[in-house]
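Using the sequences and the hints given, assemble the complete structure.
Chains as they are written, first to last, in the working numbering: chain A, 1 to 354; chain B, 1 to 372; chain C, 1 to 88.
It is worth saying that the hints were derived from the structure and are not from the lab. Ideal placement from N, C-alpha and C gives every residue a C-beta, glycine not left out. Some hints could be false.
To be verified - Straight line, CA to CA, 20 Å or less: simulated EDC-like cross-link-like pairs of lysine to aspartate or glutamate: (1) K15/B x E67/C; (2) K29/B x E180/B; (3) K43/B x D35/A; (4) K2/B x E11/C; (5) K131/B x D295/B; (6) K22/C x E11/C; (7) K2/B x E348/A; (8) K15/B x D5/B; (9) K8/C x E31/C; (10) K2/B x E61/C; (11) K100/B x E348/A.
Claimed, not checked - Simulated coverage check for chain A against chain B, where a stretch passes if three residues somewhere in it have a Cβ under 8 Å from a Cβ of chain B: (12) 122-136; (13) 330-336; (14) 340-347.
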Amino acid sequence: MSEPFDISTWTCPLPLQNYPTIVMGHGSGGRMMSDLIRHMFLPLLDNEVLHQLGDAAVLDIDLDLSRLAFSTDSFVVHPLIFPGGSIGDLAVYGTVNDVAMTGARPLFLSAAFILEEGLPMEKLGQITTAFAAAAEKTGVQVVTGDTKVVNKGHGDGLFINTTGIGLIPPGVQIAPGNAREGDAVIVSGTIGDHGMAIMSVREGLEFETRILSDTAPLHELVETMLAASLDIHCLRDATRGGLAAALNELAKSSRVGISFEEDRVPLQPAVKAACEMLGMDPLYVANEGKLVAIVNGEIADEVLAAMHSHPLGQEATLIGRVVVEHPGMVVSKTGIGGSRVVDLPAGELLPRIC
Amino acid sequence: MKYLDEYRDGELTRKLLSEINQAVTRPWKIMEVCGGQTHSIIKSGLDQLLPPEIDLVHGPGCPVCVTPLELIDKAIALASQPEIIFASYGDMLRVPGSEKDLFSVKAAGGDVRIVYSPLDALKIARQNPDKTVVFFGIGFETTAPANAMAVMQAKNQGIKNFAMLVSHVTVPPAITAIMESPQVQVNAFLAAGHVCTVMGYWEYQQLVDKYQVPVVVMGFEPVDIARAILMCVKQLENGQAKVANAYARSVDEAGNLPAQDIINQVFETTDRAWRGIGTIPLSGYRLRAAYHQFDAELRFPEIQTINPQESSLCISGLVLQGLKKPNECPAFGKECTPQSPLGATMVSSEGACAAYYQYGRYAANLDQKEDI
Amino acid sequence: MCLGIPGKVIEIYQADDMKMGKVDFGGVVKEACLEFIPDIQVGEYTIIHVGFAISKLDEEEAQRTLEMLREMEMLADELPELDEGLPA
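This is how it looks when you write it as structure tokens:
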């Protein structure tokens, strides 16, 4: 993304043109905030429901035999715009993916923007444009929203919270506790891309690279997988804490052990090089467009084939199995045939010199 | 990655391990000095693939682990000052002081920044003329040239708002201390490959002559490690004691002379306290008089620290000397975990306790871990 | 204690009176100080620690050792001299 946002091309930009940056008044509930919503958010996100600007969105959903999936997520990334995307993309795809991990088709999104006083209007425009584009690409409607402004120094520019609703089709039974012995463990593609893309522009650690964030909506990939087989037991999008966190969470929820081979995990050479240089383990680096699937071992090949046919699943790989040993623990076979426990990361991933 | 992947070759490593198996006839205690090597060994699982006769003893080569508690407390005190920007390598952020760590100082509003290179700390100083940048200069001889260069550049460029909190330690005195300790019984040493890249390995000849122990300079990847262990074992089995180089692509006998030169220009040898071990004479570096203006301890003498209190449960000193394995510590995995570390060996990414915990060496069997 | 990663020098220049360079680690390029390896040329490999080159990688020696290790016989007593002490 990163096309510059041009306020001068707006049809009725006058009130906002006077304010090149966000000021406290934009969150006060008065005319300024109304202008911001009508001139910044509505034009980009508009739909029938949002247009009513009610306190709440009233939705017509035919549940029939479906169940509702409901998820919330807040986005606090820094910098706001990074190689491969922005907080706008993350805020849509992050919640869409959480909803998609239940097997649901994402339908509606809410969007709450917490703006820091001093945030350049142009930047907000860029991010909202990306947000709107992501919503459109996904097919979700942004039906309700909120805007607040905090004093300068209290907000890192912009925080976004999104909450999503989706419909789970009948017959789909995906839950973190459903993994069973013998199940196949699949990762949908290369790991660590997002985290290292962010790291490459992080002050003090920057480096030159072509690594881009992998931020992407996974709901269609999930649909493709479910079309191949309903015997998918668990899905997890591997975000903060990386693949390691996702595997650990599933192992603990299902009270099973997971055993995988390190060498099988797909990794871009540049991401690997960046991790080596900074002394970080790619298993712990964040992703924003990758999922872990635990499926019945007998239909693993079909699911993999389906994933390979989708642009976001071309490098999907079977990396391991669910085992009955070491319940709750994830163990990997190392490149030299040894084994090691892959524990939850301790905390923030830090570069090291030792 | 070229010159990295080849040394992670599983087949080659297993071949070397098989050679080790065939060569060994009696038990041997071999100490790998460097924490980075410990980390690599545990992460790759190489320790599990060695024959039972070989006891790999983990040495004190973890600059983070051995930085004295008082210095950590001083760092925390300095970082808490509003006019100071405290810059550090990432490794130090979670090391517990008497009360908290640098991360908590950051959370409380202190300006604590992670840098990749000491030159980055200098850059921050240039960009922030109204503040003083204090850089946490930790490390062994490998990092000393870089830290020295930063100080020298500060002097040459007239950057007055820069200071270094020095915590440098050196390897050979530590090995001597270990050999002199009556409790320690190490039969051979695997020397730190990157320390030797800078310092060469000529210093180890006198250790070999005095103590008759083989010393093999070792790299960091599984092939390098297996090869070095094999060379060690062959010497031991043949009753030999020589200095050998198993990392010749980076190390030669003399070392890196320009790097040594700058160390000598900026630093001088001094006694240093090693956390958990005690003071080892002439085992560290301090800034020479000509650079005293950049010494954070001299620049901020008023920074008082509370009387440092080590946890009574922590036995990291014994771990660092190779006298106990991390999983032999009663607090290991219980009171002491990476989330709530009692000592530095559990915090530092290449501390032996952290490596053992992270990669699952809770006990002999993996499935003895209880926590689900 | 010493994370040192091999990279290829792709550019050399002076900055702040220091010999600096761009080092390629395989898809990732970072600036490093080359003051400690003054005779380094573009195209050669180096080991980088905290943004400083601490050695020039001896590529011939690396190739030689790898070849030797790969050709190793499985019989312990027929092992070539792996335990040479100081270099010739």
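Do the hints match the structure? See the list:
no., hint, result
1, K15/B x E67/C, "holds, 14 Å"
2, K29/B x E180/B, "holds, 16 Å"
3, K43/B x D35/A, "violated, 57 Å"
4, K2/B x E11/C, "holds, 18 Å"
5, K131/B x D295/B, "holds, 16 Å"
6, K22/C x E11/C, "holds, 5 Å"
7, K2/B x E348/A, "violated, 29 Å"
8, K15/B x D5/B, "holds, 16 Å"
9, K8/C x E31/C, "holds, 11 Å"
10, K2/B x E61/C, "holds, 14 Å"
11, K100/B x E348/A, "holds, 17 Å"
12, 122-136, "violated (count 0)"
13, 330-336, "holds (count 4)"
14, 340-347, "holds (count 5)"
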